[in-house]
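Assemble the dimeric complex from its two separately framed chains, guided by the hints.
Letter by letter, the chains look like this.
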Amino acid sequence: MRLLKLVADETRIPFMRFRKAFITLSMVAVLASIAMVLVKGMNFGIDFQGGILIEVRMPQAADMGKMRKELGGLGLGEVSLQEFGQPSDVLIRIGAQEGDASAQEAAVNAVKGALGEGVDYRRVEFVGPKVSSELLLDGVLAVGAAMVAMLIYIWLRFEWQFGLGAVLALMHDVFLTLGMFSLLGLEFNLSTVAAVLTIAGYSINDTVVVFDRIREDLRRFKSKPVVDLLNESINATLSRTLMTSLTTLVALLALFFLGGEVIRDFSFAMIFGIVVGTYSSICVASPLLLYTNVAARARSAADESTEGTAEAS
Amino acid sequence: MVYFPKWKIILVVVVCLMGVAYSAPNFLPKSATENLPGWLPSQQVNLGLDLQGGSHLLLEVEVDEVIKQYLEGIGESARAELRTARLRARSLTVVDNSVVITMAKADEVAKAREAVKGIEPGALVSTDGDTITIAPLNTTLVERRQSALQQSVEILRRRIDETGTREPTIQRQGDNRVLVQVPGLKDPDRLKAIIGKTAKLTFQLVDVENSVTDAMERGRVPPGSLLLEATEEDRAMGRQPAYLVKRRVLVSGEDLVDAHQSFEQRTNQPVVSFRLNARGAKKFGEVTTKNVGRPFAIILDKKVISAPVIREPIITGSGQISGSFTVQSAQDLALLLRAGALPAPIKVIEERTVGASLGADSISAGETACIVGMIAVIVFMLFAYGRFGVMADVALFFNLLLILAILSVIQATLTLPGIAGIVLTVGMAVDANVLIFERIREEVRAGRTPLSAIDAGYSRALSTIVDANVTTLIAAILLYAFGSGPVRGFAVTLAIGIATSMFTAIMVTRLMVVTWLRRTRPQELPL
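In the order they appear, the protein sequences are chains D and A. Using the working numbering, the first residue of the first sequence is number -16, and each one after it goes up by one. Using the working numbering, the first residue of the second sequence is number 7, and each one after it goes up by one.
Derived from the structure by calculation, the hints contain no laboratory data. C-beta: ideal position from N, C-alpha, C; glycine also. Some hints here could point you the wrong way.
Rough simulated footprint, nothing fancy, chain A against chain D, three-plus residues with beta-carbon under 8 angstroms [as the list claims (entries may be wrong)]: (1) 45 to 57; (2) 100 to 113; (3) 162 to 176; (4) 222 to 231.
Next up, chain A with everything else stripped away, as it sits in the complex (with noise of 0.2 angstroms):
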């Protein structure tokens, strides 16, 4: 153990060198990293969101509801089928992931049976007397449950960027799940708004032929109408609360091809401009030649943002979106038209944010708490073992740099429980010196000379430091696999801080030992 070749000893001085190279640029301000020339390592340990500042949100995509919408298409068709074969359904319903048709007659089936059989390729049809079942594949609904569900992270990673937003992280998490990450963030509200919307735009007639009073208040609603609320903005001003609408979408977003905020030139009030393509201007273009002096709704998620008259025909493909919009209101709506409607809508299921207030507290308490921690640590070793004591007091500082070093190469993120970790590694990592000069204490006092003594203490020492790490060692990884966000940050400087203190106690503190050992020839340790 005290025998050091040659190639040991540079690898020891090659590794605590690179530990200083690899750690230095978390001591210099941000700015001065960007000017280092391109062969110094320059990259910072990557802060997390509690120490930065920053949102955290779990999004659920309710994928059931797309399948649900494309189940009500299916059933959809085969009402048409059945209507142009003249066949007659009792009734049609979605029932766990299938159609179910019971037809009025039941010898009126087999007919049935071929109308609807073409409509979904690849879907099972089954009759059991006067029922015929619908039912799509399985690996279909699974398609398209995922399709969704990356559709989704695709439109949410639009909207996020169209804000301006820096770095954000955007992932899948599971069959249904999105976490959104968004560092530095100073209107956590405005992404949630602007996350939160499925943003589903349509344009439909309103329903003047009917009483939208007699709707909302006896619950009588035409068959080929809906009652939609009023904006919340809206009905918060005493304006009207609800609307009778067709059914039938005019126009929808997906025709949309740009959206911006604008300013109405009459009343200079913020409204959204847009164009349709070519298939929606000429749609729009129908139906407002059509429907002039009638009043069209256009509503945003089931909500009936303005109802404007159609003055004239619109023919053009562009027109303005006015309603109780401020400035800021306006431009989201324009982004969120822009950047599409998800496929489903999205709930937020958590939300960690924090403000950046925090984070530089919680930054500058963590450093104190760091230093402050060393200082005593490095005391206390110079107390207990002396010369030894240094030692391992350069060993502990060397660990530092290459944890923060290793932190800063494999850009792990630094939590608040991560600097814990850092914390506890400083008390911890002097564990195996402590095992090894004791053991040495002992060695001399059972009279062996310095250099046996040292050799043996090491020996001895290292199998139960070893066992005594990978139980620790143990522990970080499981919290790493089960746990999230920062406890994961405090998994990984903790499981690299075990790794990195193996190395110095060992090899560091034992080179240095060695290098006096043979320059002084001591006699007598003082020990």
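Only chain D is shown next, with the shape it has when bound in the complex (with noise of 0.2 angstroms):
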């Protein structure tokens, strides 16, 4: 059988010579991206700012003219409305009601009288002011939490220069995903900080099969200019790198496709992220290394221990 191969065998792809280039790009994505955040905003869910969301199957395809008019008419503010996934299935959106929890009741409870006889009522969320900003607190946490651990973990097994090309590259990733939640208006929740840290997990995990690559070869060829050996290392990890890649994009295509609609816009930033990952790890992160003089420490650092010969024979 002939195996197929993404890559063919010995590829000489020039990367470091459209460094600029990838770097330019890429500052301009991330400017981009943090300017769409900060002027167009998250699309918060009630995760994060509080409020009820509540999944309804009708019985028969919903009216959604009729429904909003109905709805809109109770006076619980802003009511948002959407389908969701089939033409039956409606997904409401209500602000936090003023007052405490028996108001947030009545709005529920207002809302099914509204609706009438006959509804499926599949989900019924309610977060309290406190709690969202809470849980908004911990996902903030969260996510700088693993940057500084994954940095401090990186760089006790590289140098230091080697982390912060990783985490650059890591911070590039999740910014150009929010940036693509604001764009898309795709609701940002607690599924989507897991995501986000899944990517962050996974793009280092994609930039650490580079860096090992790059630091095995800084120590073996230690006269090769450090641009071509650059190339080189990306050049043989790349058949993996895109391998790995679209097996993963494969499983989560799936899961995008078939795993039911509250987990979509899940599986939608770990798609993104994985593609934008892929990317950073080849084209953004290795560059880096490029301006910090990373050649000169680590072939030292081979020099004064006798690792790098023991881990090749």
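What follows is the structure in structure tokens.
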């Protein structure tokens, strides 16, 4: 059987030649994402801004116009409706109600009263303002702590230049994902934070594989120009990088199309993150190493210890 | 790397077999697992509320209310002591965890201090000019808060158990919160109604000397009385909207020993029958004897349920509460009275209820995504690496079984994001093998023999695999630490998936590769 090869053996793509273009492109994209988030903002779900979410299945295809009119007339403030997966399923979002818990319950009951009989309430969620601000803080803390922890780990295992490059690439991926969510107006909630953290883990994972090879080559070929060496390391791991990204993407696409409406945004975040993460570990993380004079450090470190030769035997 | 000691082979085989055995119950219907012989594993994966349907309620107990009541109690005692000692206080207020009394005459302060000194043992009593401050110890306040929370948990448990719900989770969280998780619930609204009520029941005489209308319209409430609203049902039906009742409590819910729903014989209306303990019965007997012909109010959480007229002395300690009840609401009230009143009001600050139909849909969608994703990855690996791909696929299969087995054994909760974590693992699990295979290809291109290429491939890829997986593991651990509910489920499956995929990729495929290598001694690798 002839085996499928994503990448021809011994590719020699001069990635480093385009490093300025890559880095410029990424910087523009990151700045655009930050601007997007600052100007347009995130479409926070009830997890982070409080409010009520009700998913209903109507007895037949939902008449959105009629529902909008009925629910809008209840005096519950902003009510947004969204078809959810199939014509009979509707997601109703209502802002947090003034007053205590009973006010929220009254709002839910008002919706139930307006929709009438025969409706299946598939999901009712309510998050109070105190809880939502805590959840948001926890989410920010989780992502921040994850970045710091990964930076420290890479720092311990490699030299600090690698750690810096990896975390910059990771932040690049996280910012772009946030920007994409802002641009498309997708709901940003607890599962999205989970997705962002997974993207962070994946992005680092990808970067580590390339860095590992760069470190190994730096020790093996001491006199080779760094630009050539980076190119060769990236090319050597290219097949693996693409292969793993593809198997992961294939699994995630299955999740996106078949996993149901509830986790569709979550799957989308991961798919986007993995595409961006693959790009960044090849085109952002490695070029960044050039600017931190990584070669001198790594090579002198290899001279001091015999680790490099021990590993090759 | 190509040498496998016998014990390692046995270990790998045993782990895989255990994976099969402990994941097996998940492929059987629930009823079948109950009939398995005891020595076989029978635990299935524990499904989260988002998959099996149910309610997750985060409650906040207003423990400050308990402290307020406690301080007000001290204030009342102080007032009484001063009255006995014939001393006059100009004001008596609760300020920041202490009671402040301002005396009318400055020269009475010393005497007043003596009078109130013994009210609360351990409290700090200090004077400053014409004021006296009674400040209970901080530890006392903390203890009171904690016991209020503890008591709330117990009463909530009693209430929820009485509804006949199976396997509820009721946990304290932090200083003033309780997490209630109830799977497979048909009527979440009823649960909330039962949880949310403080259920403080009192019997108090109706103030018939003063006019309710005066109190309602002009705010003229006599000092010894209270203006209380009627229940929402009564107000909706246009009955008397409010009552003026005496402040003094005749009998309270604490003296109740039993309550159940029954029917009024004459009208056949649902009512709640109750029985009082000896102390309550005696008190109730005395009061009803003295007040025949007068109405008394039955008050639940500051709302008047009804105000029947005492026709004759009630000395047996049994009675009925009538009101605008349905059978259900009478049953619920009886349940609340049996379980007891909460020490402090409770607020729902987060609710997530998933219906059984959505849960079932999510499970089947998750299963489909998992299977399709896996088949796609299997085919992909087969085309990319041929014979080696098949070995990676076998490892992937065992990886899935191991994840299921571990989830079943540790009884971790599988949530919808958890299923997503498994699907993601399916995609990423082959990564370790991809790394190894690509490395072997490279070593072959560099001119090594099959055996030495495989050896070098495994040993060189290993540190990369460890580094790459540890970083993802860090993300999973932090997700678990900061996440809640379903997201934690994702962190758990992701972490388990990383561990099992490293095991299957490094040990299981290597065993297969090495065995194949020994048997066939190929001159060239089909890679």
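Structure-based check of each hint:
1. Closer than 8 angstroms: that is the beta-carbon criterion, and the region 45 to 57 of chain D has 0 residues meeting it against chain A, so the requirement of 3 is violated.
2. Three residues within the 8 angstroms Cβ limit are the bar, and the region 100 to 113 of chain D against chain A gives 10, so the coverage statement holds.
3. Evaluation of the coverage hint for the region 162 to 176 of chain D: fulfilled, as 3 residues show C-beta separations to chain A shorter than 8 angstroms, against a requirement of three.
4. For a cut-off of 8 angstroms, the count of residues in the region 222 to 231 of chain D with a CB near a CB of chain A stands at 7, and the three-residue condition holds.
Against the hints set out earlier in the document, a violation occurs for number 1 only.
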